[in-house]
Amino acid sequence: MPSSASRIFDPAAERLEPEKRRTLQLERLQTQLRRLYDGSHYYGEKMRAVGVRPQDIRGLEDLARLPFTEKEDLRRQYPYGAMTVPLADVVRLQASTGTTGRPIMVGYTRTDLEIWTQTVARILVAGGLSCDDIVQIAFGYGLFTGGFGLHQGAERVGATVIPVSSGNSERQVALMRDLGVTALVCTPSYALCLAEELERQGITKSDLRLRLGFFGGEFWSEIMRKQIQSRLGLLATDNYGLSEVMGPGVSGECLRQDGMHIAEDHFLCEVVDPETGDSLPDEAEGELVFTTLTRQASPVIRYRTRDRSRILTEPCPCGRTTRRMAKVTGRADDMLIIRGVNVFPSQVETVLLAFSEIRPHYELVVSRDGAMDQLEVRVEADGGLFSDRMGEMAALRDRLQRRLDSVLGLRVRLTLLEPGSLERVPGKARRVRDLRVW
Amino acid sequence: MTVRQISVFIENRAGRLEMIARLLGDAGINIRALSLADTSDFGILRLIVNRPADAEAMLRRHGFTLRMTEVVAVEVPDVPGGLAGVLSLLAAHQINVEYMYAFVEKTADKAVLVFRFNDSARAMDVLRGAGIRLLGEADILTK
Ligand SMILES: [Zn+2]
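Residue numbers (this note's numbering), protein chains in the order written: chain V, 1 to 438; chain W, 1 to 143.
No lab work stands behind these hints, which were simulated from the structure alone. Ideal Cβ positions, reconstructed from N, Cα and C, are used throughout, including at glycine. Some clues are possibly wrong.
Covered stretches of chain W, going by a simulated chain V footprint (3 or more residues, C-beta under 8 Å) [to be verified]: (1) 2–14; (2) 40–48; (3) 119–126.
Only part of the chain V face toward chain W is listed, based on derived beta-carbon distances under 8 Å [said to hold, decoys possible]: (4) Leu143; (5) Gly319; (6) Asp382; (7) Phe386; (8) Arg389; (9) Met390; (10) Ala394; (11) Thr415; (12) Leu416; (13) Leu417; (14) Glu418; (15) Pro419; (16) Gly420.
So that you can see chain V by itself, here it is in the shape it has in the complex (with noise of 0.2 Å):
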């Protein structure tokens, strides 16, 4: 295992003074304002819209007079609608993974893609990569920024690069093997299906060289870090990214494992009330809110990420003086409370992403029997989640339903389904039915 007094990438960003990094945040949020307001029909507007001009921020504590974006905003202005420079300074297109309708497309100047790899650089050096590693990127390459973005970073630390893309699980254990492979990138849940790949072609961790993670894309929990660093014998590190802000590199974990580092030179972090907006202290559990401070051609103000997450402020031993945030418990819009337990439907869907490799429908219904809530988890049978052996199909759903038991932490009713039985609302997953009566 790597000693945790690991090296950092850009000392000069990572370990500034935090009064100065304040001074530095608040220089290029008012250079941003400044040029969004003359510039920028979309940010010019909404600014306009609820009268508040550059000239009004004068601390960081003024950003909440400004106004919040939503997805939705950004899903009205596709394709280009919210690009603030000409497209030939545009030499990027990515997209936000939007599972629902039109998906928020975002430009990369050059110094856009400069500082993005440098961001990814960061956190993959804090999670103890270096030149030596072999690194296989097993996110998906395309629109969706997890791939190019994982990709650039690494080759900017200096590993060696596979860029295998997702899928094809036997493939990526064969490659993972015979190359050598040190450090691995994909969805949390994939790196469970990997091991689970690995274990059914009889190949131990001793085969193989692994020995860090670098995990995103979606949630995980602890216990799920504890499955993968076991099985696969890493270290797992989680980051964080969403293409509407930048893609992967906003923040990561060091070796530390304990809150992931902000790239907060680049990206201004608040944590907000989901319900009323407003903005809570440090340490309060909330609904994230970035707003970018050096982004060109997609910049976001105060945009509403729906993930809920809170802000680390206790210094870590890493050395590293940026604010930490805790791993993403889930989606604000869609929180459950069951028998006092929160319960996100993306838990849900991150532990089935582990049993198949397509995304499967699924659907949670509440009801309550008595004085108890009860959580059904009803999921389509699908490719992944099938065998004509009776024995492997019960052990299957035996499996999904320990694995979801302890995700959640409560006991659920698993339904398995036929495909098609759940109903498809063209443009919104419907994910969730409450039957309980208040």
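Once you have looked at the hints, place chain W with the ligand on chain V.
The following block gives chain W with the ligand in isolation, referenced to the frame of chain V:
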């Protein structure tokens, strides 16, 4: 020599079996053998039909989750002890039977046993060695 079997995931709701039978019938596909394994909340329907590829495509079009598997079919005399003889042979060679089902040929006094083995190749060697006739698709699907 193996035979293709289609396994279909079905929920335990009334009418699903009938529905599949009707879909196959409407498409002019003959069911040669059928077995249903079920638990309290789901079932696996296993089918041997005369046109497996057509049946697979048709059921998939109707959204069923299914899997094509190779199974081993053998012919035994339809007399008491016919099945027991085959099973004890397999047991003697420590061959694990995942599941099995039988059907009787209408035209002959023979029964057909369908087996799913862990290790089909070894099982087939043992069966052949004991002089048991293995059936191919041509033997049972064209009738
Ligand atoms: Zn740290």
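Exercise for the section: Tell me, in ascending order, the numbers of any earlier hints that this structure violates. Expected result: 3, 4 and 5
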